[in-house]
Structure formats: C-alpha cells, structure tokens
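So the sequence shown is numbered by this note's numbering: it starts at 5 and just counts up by one.
Hints may be right or wrong, so weigh each one.
[What the hints assert, rightly or not] With a Cα cut of at most 30 angstroms, we get these calculated DSBU-like pairs of lysine-lysine:
| no. | residue 1 | residue 2 |
| --- | --- | --- |
| 1 | 75 | 25 |
| 2 | 67 | 17 |
| 3 | 18 | 67 |
[Said to hold, decoys possible] Pair ranges (Cβ atoms, derived):
| no. | residue 1 | residue 2 | range |
| --- | --- | --- | --- |
| 4 | 42 | 99 | 14 to 22 angstroms |
| 5 | 26 | 112 | 14 to 22 angstroms |
| 6 | 122 | 49 | 12 to 20 angstroms |
Just so you know, the hints here were simulated from the structure itself, not pulled from any lab data.
Heads up, the beta-carbon is just placed ideally off N, CA and C, and yes, glycines get one too.
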Amino acid sequence: MGRNSDVKITDAKKAISEYQKAIGLPEGMLELHLCFCEVAMDFSTDYGYEGEGFFNAVYLQFKKAVEVLGKVSVELQEDALDRLYDLRNIASNVGYGVEDDMGDLLAVANPDDERNRD
C-alpha cells in the first residue's frame, strides 16, 4: 500500500447498497456481504490493518450475511455457513472481539452446528 492509499470501506458499502436498491436478490446480497467480509479479513491479515471502525464494518456485513441466510436455498445456506465459520476462525487472529461477536451470531442462527463449540 502506498503512503497516500486509503482503505475505502465506504465505497464497498455503497456498492452493496446500490445493488440492494437496484436488484436486491437475497442470493446476490448474501454473496456481496460474504465477499466484503472475506476481502476485508484477507486485507487485514495480509497488511496487518487494524482499526475499530474497520472491524465494526466487517462485523455489520457479517451480521447482514447471517440475516439473509433464511432467504436463500438450503444449498446456498450450507456454502455460506462454511464461509461464515471460516471468517469467524480467521477473526481469531485480529482481536477487537470480532471472533466472539461472529461466533455469537452463528450460535443463534445455527444453534445445532458443532462448529459453535470450536
């Protein structure tokens, strides 16, 4: 990252919002929320980027992904849950309580999953 580079979380959130207004299909929304979280967590891991606002944005997109789960097919739910649990595991390396917050959401949304006990 260059000295003048900024992390543009607001641009990504705006793109998701525009998709929601224009099309808003649950499948697309789920993918956008998951992609946002995956890219953000990869960025944080690769560059050591940290910040409470950054992780709050990741958590909110994670929460939105969990909320959309019930609106998509079982097949998509299973894939999304795998990705969500992977994100929770990655979050164990970043602090700010992100892993715990993600785990709490997953435990409520998917209480019988044994991955909640990890």
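Original post:
CB of residue 42 to CB of residue 99, is that within 14 to 22 angstroms?
Top reply: Taking Cβ atoms as reference, residue 42 and residue 99 lie about 18 angstroms apart, which means the hint holds.
Subject >> Restraint check for residue 67 with residue 17, where alpha carbons must lie at most 30 angstroms apart >> reply: holds (14 angstroms)
Subject >> Restraint status (C-alpha distance of residue 75 to residue 25 at most 30 angstroms) >> reply: Satisfied, since the Cα-Cα distance of roughly 17 angstroms is no more than 30 angstroms.
Subject >> Straight-line alpha-carbon gap residue 18 to residue 67, limit 30 angstroms >> reply: It holds: about 17 angstroms lies between the C-alpha atoms, which stays within 30 angstroms.
**OP:** Check the following: the C-beta atoms of residue 122 and residue 49 are separated by a distance inside 12 to 20 angstroms.
**Re:** The hint (12 to 20 angstroms, Cβ to Cβ) holds, given that residue 122 and residue 49 are roughly 18 angstroms apart.
Original post:
Between residue 26 and residue 112, does the C-beta distance stay in 14 to 22 angstroms?
Top reply: With a Cβ separation near 30 angstroms, residue 26 and residue 112 fall outside 14 to 22 angstroms, so the hint is violated.
Hint compliance for this structure: hint 5 alone is broken.
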